[in-house]
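> Take a look at the letters that make up each chain.
Protein chains: 2
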Amino acid sequence: MKHMDKSEFTERKVVFEEKMNGLQEKLQYMGSLVEEAIARAIESLKKQDPNLARAVIEGDDRIDDLEQEIEEKCLEVIATQQPMARDLRRVATLFKMINDLERMADYATSIAKITIRIGQQPFVKPLVDIPRMAFLSQKMVKQSLDAYVREDVELALTVGTDDDEIDHLFGQIFRELLTIMMENPKTITQAAQLLFVGRWLERISDHATNIAEEVIFLVTGEKKNLND
Amino acid sequence: MKHMDKSEFTERKVVFEEKMNGLQEKLQYMGSLVEEAIARAIESLKKQDPNLARAVIEGDDRIDDLEQEIEEKCLEVIATQQPMARDLRRVATLFKMINDLERMADYATSIAKITIRIGQQPFVKPLVDIPRMAFLSQKMVKQSLDAYVREDVELALTVGTDDDEIDHLFGQIFRELLTIMMENPKTITQAAQLLFVGRWLERISDHATNIAEEVIFLVTGEKKNLND
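Residue numbers (this note's numbering), protein chains in the order written: chain A, 233 to 460; chain L, 233 to 460.
Here chain A stands alone, though its shape is the one from the complex:
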């Protein structure tokens, strides 16, 4: 790269920050679609509504396209702005985050497929902990993205705390479902599906935790494991 004088450098930085703002807006939009996908997948399960489940499954294409679009834009910013050091790391972090978001949406789709599979059979247990897990994981998605945009380490750390609660809830659901299965083998098919719903929500929260860890690394340079 040729040497830049100070004003050229400043101008470049201004353009770069504009591009970053654009990327962050798209990131947050993608995040809102993912939150919605999780919420609607669990809603479809609770209400046993296959139409809503199908809407979640169909909506996944939009999220995949958005991932693709943001990825292209990240590469474009790198190629045209040639950010260095920490700015390059900011773009790279965003690039990784959209991948996590896309995976979360896949898990929401997996949950919607379970809604369709369960159909209209009465539930083997009232769904209380699963919606609670879903609520927490949506919150984690939002907070991990906000933590990135604001470079807020405190907020990133709270994502780790919610992840602990999700893990705890999943342990509870797991034990409860196994007990129900043992008491009445007729419940097994559905209970096994609900076990997976719990696992998918746990995985969604793991991805939000990944994002939070990335944010902490970006801001502090320290690798922190929030997932223990």
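No lab work stands behind these hints, which were simulated from the structure alone.
None of these values were measured; they are calculated from a predicted model.
There's no promise every hint is true.
[As the list claims (entries may be wrong)] Heads up, simulated PhoX-like pairs for lysine-lysine below, C-alpha to C-alpha not over 20 Å straight-line:
#	chain 1	residue 1	chain 2	residue 2
1	A	Lys345	A	Lys278
2	A	Lys328	L	Lys328
3	A	Lys371	A	Lys418
4	L	Lys357	L	Lys279
5	L	Lys305	A	Lys328
6	A	Lys305	L	Lys455
7	L	Lys278	L	Lys371
8	L	Lys374	L	Lys258
9	L	Lys328	L	Lys305
10	L	Lys328	A	Lys455
11	A	Lys328	A	Lys456
12	A	Lys455	L	Lys455
13	A	Lys357	A	Lys328
14	L	Lys357	L	Lys418
15	A	Lys258	A	Lys374
16	L	Lys455	A	Lys328
17	A	Lys305	A	Lys245
18	A	Lys357	A	Lys278
19	A	Lys328	A	Lys418
20	L	Lys258	L	Lys371
21	L	Lys328	A	Lys305
22	L	Lys374	A	Lys418
23	L	Lys258	L	Lys328
24	A	Lys371	A	Lys258
[What the hints assert, rightly or not] Ranges of calculated distance between the beta carbons of each label pair, as one might list FRET restraints:
#	chain 1	residue 1	chain 2	residue 2	range
25	A	Gly453	L	Gly254	21 to 29 Å
26	A	Val385	L	Asp296	39 to 47 Å
27	A	Thr411	L	Arg286	27 to 35 Å
28	L	Phe241	A	Gln260	21 to 29 Å
29	L	Val385	A	Pro358	46 to 54 Å
30	A	Asn459	L	Glu304	37 to 45 Å
31	A	Asn459	L	Pro282	21 to 29 Å
32	L	Arg286	A	His400	21 to 29 Å
33	A	Gln314	L	Glu250	46 to 54 Å
34	A	Gly453	L	Gln280	39 to 47 Å
35	A	Gln256	L	Gln352	48 to 56 Å
36	L	Pro354	A	His400	27 to 35 Å
37	A	Glu386	L	Glu415	48 to 56 Å
38	L	Val246	A	Asn459	40 to 48 Å
All C-beta atoms, glycine included, are put in the ideal place defined by N, C-alpha and C.
Chain L: place on chain A using the hints.
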């Protein structure tokens, strides 16, 4: 970027290709560790060997470190070589792939934890399909990385075929385990764990399929969904 004359351009390209070779070697080394982690996790399960399971869990740190190291090197190549267009996409693809590899290793760790949880209880069924799934998913890991290094679309497509077989095997394992659970509720705790092993292997193969899709996109510019 300043304009380069032809010889400067060629020289730059030579340096870039050298750096890419270095990155690809590390990628393949990381891939071999991941293959090994999958193989050893399943071996630990089959032999009910908690020590081997613990070795897999401890080995995961090495893989995480390697991901970190390769990621840094990717960013360094981007910052110092400023690759454009397709070369930038090659680095970005590798950057994404190591993330998939790291996730696969996490699933191997999850399987090793199940080995420890199951302990010395006799198996509710002989493990035949699970090792078969593991064998296939290891092959998929290797082939997806080879497809990247050689930019071999044909090879990437075979990864998709193996993924179909894995999905089929998992469907079979799922039905079989549910039947066993229904026949004998005492099997439920272990069978639920084995269900998850099946799911983790399926997820590992999904990540290999992601990589294969990335390779196809890199080479042909077409987004292909191998996971249907």
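> Decide, hint by hint, whether the structure agrees.
Quick rundown of the hints versus the structure:
About 13 Å separates the Cα atoms of A/Lys345 and A/Lys278, which keeps this hinted pair within 20 Å; it holds. Restraint check: the Cα-Cα separation between A/Lys328 and L/Lys328 comes to about 7 Å, which is no more than 20 Å; the hinted pair holds. As the CA atoms of A/Lys371 and A/Lys418 are separated by approximately 35 Å, the hinted pair breaks the 20 Å bound. A threshold of 20 Å between alpha carbons decides the hint, and for L/Lys357 with L/Lys279 the separation of about 14 Å falls inside it, so the pair holds.
With a C-alpha separation of about 15 Å, the suggested pair L/Lys305 and A/Lys328 falls inside the 20 Å cut-off, and the hint holds. Our distance criterion of 20 Å between C-alpha atoms is met by A/Lys305 and L/Lys455, whose separation comes to about 17 Å. For the proposed pair L/Lys278 and L/Lys371, the alpha carbon gap of about 19 Å is at most 20 Å, so the pair holds. Between L/Lys374 and L/Lys258, the direct Cα distance comes to roughly 13 Å. Compliance with the 20 Å bound is thereby established for this hinted pair.
The straight-line distance between the Cα atoms of L/Lys328 and L/Lys305 is roughly 13 Å, inside the 20 Å bound, and the hint therefore holds. Taking the CA atoms of L/Lys328 and A/Lys455, the gap is about 19 Å. The hint holds against a cut of 20 Å. A threshold of 20 Å between alpha carbons decides the hint, and for A/Lys328 with A/Lys456 the separation of about 17 Å falls inside it, so the pair holds. Proximity of A/Lys455 to L/Lys455 is assessed by CA-CA distance (about 33 Å); at most 20 Å being required, the pair is judged violated.
For a cut-off of 20 Å, the pair hint linking A/Lys357 to A/Lys328 is broken: about 38 Å separates their Cα positions. Pair hint L/Lys357 plus L/Lys418 holds up; C-alpha atoms about 13 Å apart against a cutoff of 20 Å. A C-alpha spacing of about 13 Å is found between A/Lys258 and A/Lys374, which places the hinted pair at or below 20 Å, so the restraint holds. Annotation: proposed proximity of L/Lys455 to A/Lys328 holds, straight-line Cα distance about 19 Å (limit 20 Å).
Proximity of A/Lys305 to A/Lys245 is assessed by CA-CA distance (about 17 Å); at most 20 Å being required, the pair is judged to hold. The hinted pair formed by A/Lys357 and A/Lys278 meets the criterion: a straight-line CA distance of about 11 Å does not exceed 20 Å. Distance restraint check for A/Lys328 and A/Lys418: the Cα-Cα separation of roughly 43 Å exceeds the 20 Å cut-off, and the hinted pair is therefore not satisfied. Pair hint L/Lys258 plus L/Lys371 holds up; C-alpha atoms about 18 Å apart against a cutoff of 20 Å.
The hinted pair formed by L/Lys328 and A/Lys305 meets the criterion: a straight-line CA distance of about 15 Å does not exceed 20 Å. Between L/Lys374 and A/Lys418, the direct Cα distance comes to roughly 42 Å. Violation of the 20 Å bound is thereby established for this hinted pair. With a CA separation close to 14 Å, the supplied pair L/Lys258 and L/Lys328 stays within the 20 Å bound. Proposed proximity of A/Lys371 and A/Lys258 is supported: the alpha carbons are some 18 Å apart, at most 20 Å.
For A/Gly453 and L/Gly254, the Cβ-Cβ distance of about 24 Å falls inside the hinted range of 21 to 29 Å, so the restraint holds. At roughly 21 Å, the beta carbons of A/Val385 and L/Asp296 sit outside the given window of 39 to 47 Å. Between A/Thr411 and L/Arg286 the C-beta distance comes to about 29 Å, which sits within the given range of 27 to 35 Å. Taken as a hint, the range 21 to 29 Å is violated for the pair L/Phe241 and A/Gln260, whose Cβ atoms sit roughly 39 Å apart.
A hinted range of 46 to 54 Å for the beta carbons of L/Val385 and A/Pro358 is consistent with their spacing of about 50 Å. Separation of A/Asn459 from L/Glu304 is about 21 Å and departs from the stated range, judged on CB atoms against 37 to 45 Å. As the Cβ distance of A/Asn459 to L/Pro282 is approximately 22 Å, the hint placing it in 21 to 29 Å holds. Range check, L/Arg286 to A/His400: Cβ separation about 24 Å, and the 21 to 29 Å hint holds.
With their beta carbons about 20 Å apart, A/Gln314 and L/Glu250 fall outside the hinted range of 46 to 54 Å. Range check, A/Gly453 to L/Gln280: about 42 Å between beta-carbon atoms, so the 39 to 47 Å window is met. The hinted range of 48 to 56 Å is satisfied by A/Gln256 and L/Gln352, whose Cβ atoms lie roughly 52 Å apart. Restraint check, L/Pro354 to A/His400: a C-beta distance of roughly 31 Å satisfies the suggested window 27 to 35 Å.
For the pair A/Glu386 and L/Glu415, the supplied restraint of 48 to 56 Å holds, since their beta-carbon distance comes to about 52 Å. At roughly 42 Å, the beta-carbon separation of L/Val246 and A/Asn459 lies within the given 40 to 48 Å, and the hint holds.
Hint violations for this structure: numbers 3, 12, 13, 19, 22, 26, 28, 30, 33, all remaining hints satisfied.
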